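With these hints in hand, go ahead and build the complete structure from the sequences.
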Amino acid sequence: MRREASVVVARPRHAERRSSSAMHHHIHNPRHQCLLLTCICLLVALLPSNVASFVIPSSRVHQQPSSSSQRPRSPVLTSAPEGALPDIVVPAIFDFNITDAANDNSDPRVWVPQTDCLSFRPLCFCTSQGYYVNLLKFKGGGILGRHRHSSPVHALTLKGSWGYREHDWHATPGTYVFEPPGETHTLIVDEDCEEMVAMFHVTGSLLYVSEESGDIIGFDDVFSKLEKARDWYEECGLGRDYANQFVR
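The sequence shown begins at 1 in the UniProt record's numbering and counts up one residue at a time.
Hints are supplied without guarantee of correctness; some may be wrong.
Unchecked claim - Within a straight-line C-alpha distance of at most 20 Å, the following computed DMTMM-like cross-link-like pairs (lysine to aspartate or glutamate) qualify:
no.: 1; residue 1: Lys228; residue 2: Asp116
no.: 2; residue 1: Lys139; residue 2: Asp107
no.: 3; residue 1: Lys159; residue 2: Asp116
Since the hints were made in silico from the structure, they are not lab data. The structure displayed is predicted, hence computed values, not measured ones.
What follows is the structure, encoded as structure tokens:
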């Protein structure tokens, strides 16, 4: 019976040691290291060095084919990888006095009432990372009770004016505020302010504390805010699932 030849490369162990030693010498040779470093530097030099390299002037953009059928399809230019979460796009967030109910995003019922003077409009409930983004609206002067933040908060004032009792700064339209973790304060809207609207990006828990003892007496986080939104949307007729579009 004829045995098929197998492709096996055999070599003495001392030859393997010599090969390994030669490779080690080749890598650690100063001349070779210098050549390798030079090649890397040349490659880096060929890469775009600033953001301007990725900006296309408007004149060049308009020279491109106008119809989608004329544009060559690129396998690289995709909006998102498979499995990625969809974008959230909320139009008309500056339309604070909304009366048109034809479009859900322009429906005044999107504002979730918390008290007679305070309501919020959800923009994002990021349950996967523990934060929420919403518009907070005060009708007339008002106070959001003393509370402590476990994590950072970002705020951008869109309308009206407000501040914190514990600080001397005053926020007006266009004011950005960063609130560090551990901050405890009381939000006060000016008495002569007809309406205040600010966007808040809140991570972690908002802990309501007693004015007298400082003890925690309540809390809000992405899950409690989501539940409040679902309850309200069910009550007002939009449907409990209406809030799901903001969940990520």
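**Report entry** Contradicted hints - numbers only
**Finding:** none
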